[in-house]
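Keeping the supplied structure of chain A fixed, place chain B upon it in accordance with the hints.
If you read the protein sequences in the order shown, they are chains A and B. Numbering of the first sequence is given in this note's numbering, commencing with residue 1 and proceeding in unit increments. Numbering of the second sequence is given in this note's numbering, commencing with residue 1 and proceeding in unit increments.
Hints were generated in silico from the structure; no laboratory data involved. These figures come from a predicted structure and were not determined experimentally. Keep in mind that the hints are not guaranteed to be accurate.
Claimed, not checked - Straight-line alpha carbon distances no greater than 25 Å define the calculated SDA-like cross-link-like pairs of lysine to any residue that follow:
1) Lys218/B / Phe396/A
2) Lys204/B / Pro130/A
3) Lys314/A / Gln127/B
4) Lys288/B / Val235/A
5) Lys218/B / Leu217/A
6) Lys162/B / Tyr135/A
7) Lys288/B / Pro385/A
8) Lys217/B / Ala239/A
9) Lys312/A / Met282/B
10) Lys204/B / Lys314/A
11) Lys80/B / Glu131/A
12) Lys162/B / Met127/A
13) Lys312/A / Glu284/B
14) Lys198/B / Phe396/A
15) Lys204/B / Asn55/A
16) Lys217/B / Pro401/A
17) Lys218/B / Gly62/A
18) Lys198/B / Asn391/A
19) Lys314/A / Glu284/B
20) Lys218/B / Pro134/A
21) Lys204/B / Gln53/A
22) Lys218/B / Tyr395/A
23) Lys198/B / Tyr50/A
24) Lys162/B / Pro237/A
25) Lys204/B / Ile56/A
26) Lys218/B / Lys314/A
27) Lys217/B / Thr402/A
28) Lys217/B / Tyr50/A
29) Lys218/B / Pro401/A
30) Lys217/B / Leu54/A
31) Lys314/A / Leu285/B
32) Lys288/B / Gly62/A
33) Lys198/B / Pro237/A
34) Lys105/B / Asn391/A
35) Lys218/B / Pro130/A
What the hints assert, rightly or not - Some chain A residues well away from chain B (every beta-carbon gap over 10 Å; in silico):
36) Leu43
37) Tyr50
38) Thr51
39) Arg132
40) Tyr135
For glycine and all other residues, C-beta sits at the position ideal for the given N, C-alpha and C.
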Amino acid sequence: MSEIKNEYIKLDKSAEQITTDLMRPVNLSIGFKAWMAFLIISLAVCIYAYTIQLNIGLGVTGLRDYVSWGMYIANFVFFVAASLIGMLIGAVLGLIGIKWITPLVRIAEIIAVAFAAVAGLVIISDMGRPERLPYVLMYGRIQSPILWDVTVVTTYLVMSLLLYFLPLIPDLAIGKDKLQGVPKIHKIIYNILSLNWVGSEEQIKIIHKSVRILLILIIPVAFAIHTVTSWLFAVTPRAGWDSTIFGPYFLSGAFVAGSAAVIIAMFFFQKNYKLKDYITDFHFDKMGKLLFLVSIVYFYFNLNEFLVPGYKLKQADAIHLQALFNGNWAKLFWATQIFGLILPLILLLFRKMRKAFPILIISIFVIAGAWLKRYIIVVPTQEHPYLPIQNVPDYFMGYTPTLIETAITAASIILVLIIITILSKFFPVIPIWETVHENKTDQKS
Amino acid sequence: MNEQSEGKNKNNRRQFLKNLGLIGTGAVAGGAAIYSGYRFEKSKDESGERIRVLTADNKLVEVDKSALKEITLDITELQKRGREGLPGHRWVMVIDLSRCRNARKCMEACQGAHQLRAEQHHINVLQMQDSPTTAPYYMPKPCQHCDNPPCVSVCPVDATFKRADGIVLIDNERCIGCRFCIAACPYSARVFNWFDPKDAELHKDQLYDVELNVPQKKGTISKCLFSADRLRVGKMPYCVSACPNGVYYFGDENEDAVTNGTTKETFRLSKLLRDNAGHLLMEELGTKPRVYYLPPKNRLFEFPDKNILDNEHHT
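Only chain B is shown next, with the shape it has when bound in the complex:
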């Protein structure tokens, strides 16, 4: 009795599988027919015109014109490309302290581009004097875009992040305003929007670009971005272009080349640093900055206030 019913079951199963196979084959054949029909219909749309396109990783490819789709720059796309960065580059800045005369054009250009208040500095030109017996000098101080950034380590929500191209950005759509990064940064490179940002009403409908960090947002951090938006279109950062005194060099460590923002002359980065004894700011903290300084030697101008050590924060 049992055996019999088992045999019957087996038969049933075999029959079922057979049927399933038939249905499957039929479905695939039908699907293929529909698909080829679709392809045929679709091929009518193809213009036949081929276009060469340079991809983001520098490959030249050919595609049909009809396959091209313009990407609208919505917030999702801006955020995506802002976090990915510019592949293949390692941005680097060199600041020549012997040339800075405190013209402050860099500060102006920067504050204008990033919609900052007068007291908010992404780049700040500081009056420095290392010790009472040494000469004072001016030191422009942007974010150092550290390779070991303390600010990024402490951020609880990945609002500030390090890109593969070396830039440290801040996403004010993510920032919760805890200011742990301000506490952690030894270069005082970060500012906070304590109130509604400058001209908030004017910029309120502007699309947020993480590479420019505008519009600024109340209750979030802002900082120097190495003008990531300008680099994307092949231009030098705002501060670098604005300098009248040839203080800034900007370039790509991978190419070992930096270009002076004022004279547009290009130099070999390694040679420039070697010949001029380039150094990093507070290297001993292990932050691995991406901004190099050339020493303030042979300055051809007078420093206005020789006793700055007395009225500095130290006392």
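Chain A on its own, in the form it takes in the complex:
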């Protein structure tokens, strides 16, 4: 048992070499500048779309009185979902002593921070009166799941930030001496943020202890954020949302989206930051197995979610399921289920498919499927209310996102990419201190 637990890649490198390797990507290269410029220009265009929405009203979206939640809410649910991977890799796998996650923990934490932070923002784009956001705190009613969501998402964000920052402190201390070819201000920031870290036994103890406490505490918080998000739907009496398994169904789906996000990020960091020795085929293989595990759990919940009401076919459920299975949602529904879940499950069984490039492609399909799945959970239900939709223009009956709301949604995705880029470029993306430390103890034994 302990053999499997301690499985990880042994590096044939000195501490000096490891530090240089992992510090190398920390610089403001031309590529980075070009990429950031591209992101910021795209963001500016998309923010212009939001100003149009602010002026004219939410009517610039495809939403109307019957389908009144659409792309924004689906995107919000997706973001909350993707952020949970920080908890799964850092806390669950970390606490049970799995070693191969060392080079991936920080990547998972960056993804958690980026998605959780932007999730809080995207929900504002769905508000009819965004300037009244403070009312949620001033007049908040504890009965409303929105209050629960606001509370746990902010808690999760703060804890994820701490879980990103605390293990980074030793690396910052290393970096303030070792960084090369960066502006002075970069080193000054490193110096301030490293909080006088000298690596004394006392300091090490404090960090270990606080990280451990955070890792334990973040598990219930992470469960809470996605369970509560699922309850935004499950507390209503509508067919398709009125489900008792929405909490675990969303949670298992969240790990699928997050694992795919980590694999995609791993691939780009390995290639662009030249980390081939640290993020290896071995890690992709492990992540592939993790993706398979969470996907098969998610598949099991899908089976329950659709098969049980599909067997009984109560009137309202029947109308909803008919729309999904062979009605106007069928193409999207089956494409999402087959290419985003079933096919990846089959492919991941083969070792060859768990190598870097094939698993990147699989993960892109999985993450696209994960986004569309949220869309399919949010929208179709509202097209079939209990009472008929009458005496309104025809386009009230359905929902087609407009260009403006697509642009605003794109803005949120761009913002996630900006946060990921900055965190992974200004600071080392693989924990240096821990890698060196683990390698040392390994060489001794």
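For chain B alone, kept in the frame of chain A given last:
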């Protein structure tokens, strides 16, 4: 040495308390003198004319005329009374489905009163058919003013609320526009102001009355209010008064009485419901609606489109 100084301290304290007592007594006496003087001066203002006033909780009291102060209806006062409601009442509506001929006067009156766009309905007359073998009928559908309202439960900021007199209102000065209430309402009773409301420029200086929910506001919810503003002045709701076919009854559950908006006849609510097999809409959802329906029996008119099940939302 110590004892001595302690004794001295004690003396000092006693002296201090004594002085304080003196000052206190003096102050009270002075205050009383000033106050009685003030009363005397004030009594000159009293007109001596007494007036009888009916308080909000139906008590007859007598006060001096000079004590009467007219309350200006500013936003604070309108909000306050809008949230308090009309004490002692439990408003209830009965809709007789056998009489509705789709005249739509209710919809017109309602949209006019609440400054709604053509596609915004606080009350909507729906064409219903329960199953392919049963006859179609028209069903006016206002907000059901549930006693267990899902919309109120989910509202994060107390913008939509349930009053003691049974009415569910929406405060568009509070609403943040999250539309969770739209998602939660099984009766599709709520509408949203996706754009600037109808004639926004025209009504922009109007004082906001939460009981009428005008002027409407961009980015907030609107819904049927049981015409709380009309009830306050002892009138029937707009839709009820406008109906030419005697479809609506409105009244007070506490008095067990409802009045038909067209014929002005008053009935015992319990008897009306018992005799006509009254029912609630989707009662099984546990929402406890305050709108009763009488079944669509013995209709004396033709329904224009017999195949409405085919062109409904179900397909």
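Structure-based check of each hint:
Between Lys218/B and Phe396/A the alpha-carbon distance is near 18 Å, which keeps this suggested pair within the 25 Å criterion. Proposed proximity of Lys204/B and Pro130/A is supported: the alpha carbons are some 20 Å apart, at most 25 Å. Of the pairs offered as hints, the one joining Lys314/A and Gln127/B holds, with about 22 Å between alpha carbons and a cut-off of 25 Å not exceeded. Restraint check for Lys288/B and Val235/A: the C-alpha separation of about 17 Å stays at or below 25 Å, so the hint holds.
Among the hinted pairs, Lys218/B with Leu217/A is inconsistent with the structure: their alpha-carbon atoms are about 42 Å apart, more than 25 Å. Between Lys162/B and Tyr135/A, the direct Cα distance comes to roughly 19 Å. Compliance with the 25 Å bound is thereby established for this hinted pair. Distance restraint check for Lys288/B and Pro385/A: the Cα-Cα separation of roughly 19 Å lies within the 25 Å cut-off, and the hinted pair is therefore satisfied. For the proposed pair Lys217/B and Ala239/A, the alpha carbon gap of about 31 Å is over 25 Å, so the pair is violated.
Among the hinted pairs, Lys312/A with Met282/B is consistent with the structure: their alpha-carbon atoms are about 20 Å apart, no more than 25 Å. For a cut-off of 25 Å, the pair hint linking Lys204/B to Lys314/A is broken: about 48 Å separates their Cα positions. Distance check on the hinted pair: Lys80/B and Glu131/A sit about 23 Å apart at the alpha-carbon level, within 25 Å; holds. A hinted pair counts as satisfied when its Cα atoms are at most 25 Å apart, and Lys162/B with Met127/A qualifies at roughly 23 Å.
About 18 Å separates the Cα atoms of Lys312/A and Glu284/B, which keeps this hinted pair within 25 Å; it holds. Of the pairs offered as hints, the one joining Lys198/B and Phe396/A holds, with about 18 Å between alpha carbons and a cut-off of 25 Å not exceeded. As the CA atoms of Lys204/B and Asn55/A are separated by approximately 17 Å, the hinted pair is consistent with the 25 Å bound. Simply put, Lys217/B and Pro401/A have alpha-carbon atoms about 24 Å apart, close enough for the 25 Å limit, and the pair holds.
Of the pairs offered as hints, the one joining Lys218/B and Gly62/A holds, with about 16 Å between alpha carbons and a cut-off of 25 Å not exceeded. In summary, the hint linking Lys198/B to Asn391/A is supported, as the alpha carbons are separated by about 18 Å, within the 25 Å threshold. Simply put, Lys314/A and Glu284/B have alpha-carbon atoms about 14 Å apart, close enough for the 25 Å limit, and the pair holds. Using a Cα cut-off of 25 Å, the hinted pair Lys218/B and Pro134/A holds, with the two alpha carbons roughly 18 Å apart.
For the suggested pair Lys204/B and Gln53/A, the alpha carbons sit about 21 Å apart, so the restraint of at most 25 Å is met. Taking the CA atoms of Lys218/B and Tyr395/A, the gap is about 20 Å. The hint holds against a cut of 25 Å. Taking the CA atoms of Lys198/B and Tyr50/A, the gap is about 23 Å. The hint holds against a cut of 25 Å. As the CA atoms of Lys162/B and Pro237/A are separated by approximately 19 Å, the hinted pair is consistent with the 25 Å bound.
Note on Lys204/B and Ile56/A: the hinted pairing holds, with a Cα-Cα distance of about 16 Å set against a maximum of 25 Å. Restraint check for Lys218/B and Lys314/A: not satisfied, since their Cα atoms lie roughly 38 Å apart, outside the 25 Å limit. A distance of roughly 23 Å separates the Cα atoms of Lys217/B and Thr402/A; the hinted pair therefore holds under the 25 Å criterion. Between Lys217/B and Tyr50/A the alpha-carbon distance is near 20 Å, which keeps this suggested pair within the 25 Å criterion.
Simply put, Lys218/B and Pro401/A have alpha-carbon atoms about 20 Å apart, close enough for the 25 Å limit, and the pair holds. At most 25 Å may separate the alpha-carbon atoms for a hinted pair to count; Lys217/B and Leu54/A meet this at roughly 14 Å. For a cut-off of 25 Å, the pair hint linking Lys314/A to Leu285/B stands: about 14 Å separates their Cα positions. Taking the CA atoms of Lys288/B and Gly62/A, the gap is near 33 Å; set against the 25 Å cutoff, the hint is violated.
Distance hint between Lys198/B and Pro237/A is unfulfilled; the C-alpha atoms sit about 32 Å from each other, more than 25 Å. Taken as a hint, the Lys105/B and Asn391/A pair is honoured in the structure, with Cα atoms around 14 Å apart against an allowance of 25 Å. Between Lys218/B and Pro130/A the CA atoms are separated by roughly 12 Å; this keeps the pair inside 25 Å, and the hint holds. For Leu43/A, the condition that its CB be more than 10 Å from all CB atoms of chain B holds, with the nearest at approximately 24 Å.
At the 10 Å boundary, the C-beta of Tyr50/A stays outside the reach of chain B, the nearest C-beta of that chain being 14 Å off. Taking the minimum C-beta to C-beta distance to chain B, about 15 Å, the non-interface status of Thr51/A holds against the 10 Å cut. For Arg132/A, the non-interface assignment is contradicted: its Cβ lies about 4 Å from the closest Cβ of chain B, within the 10 Å cut-off. At the 10 Å boundary, the C-beta of Tyr135/A falls inside the reach of chain B, the nearest C-beta of that chain being 5 Å off.
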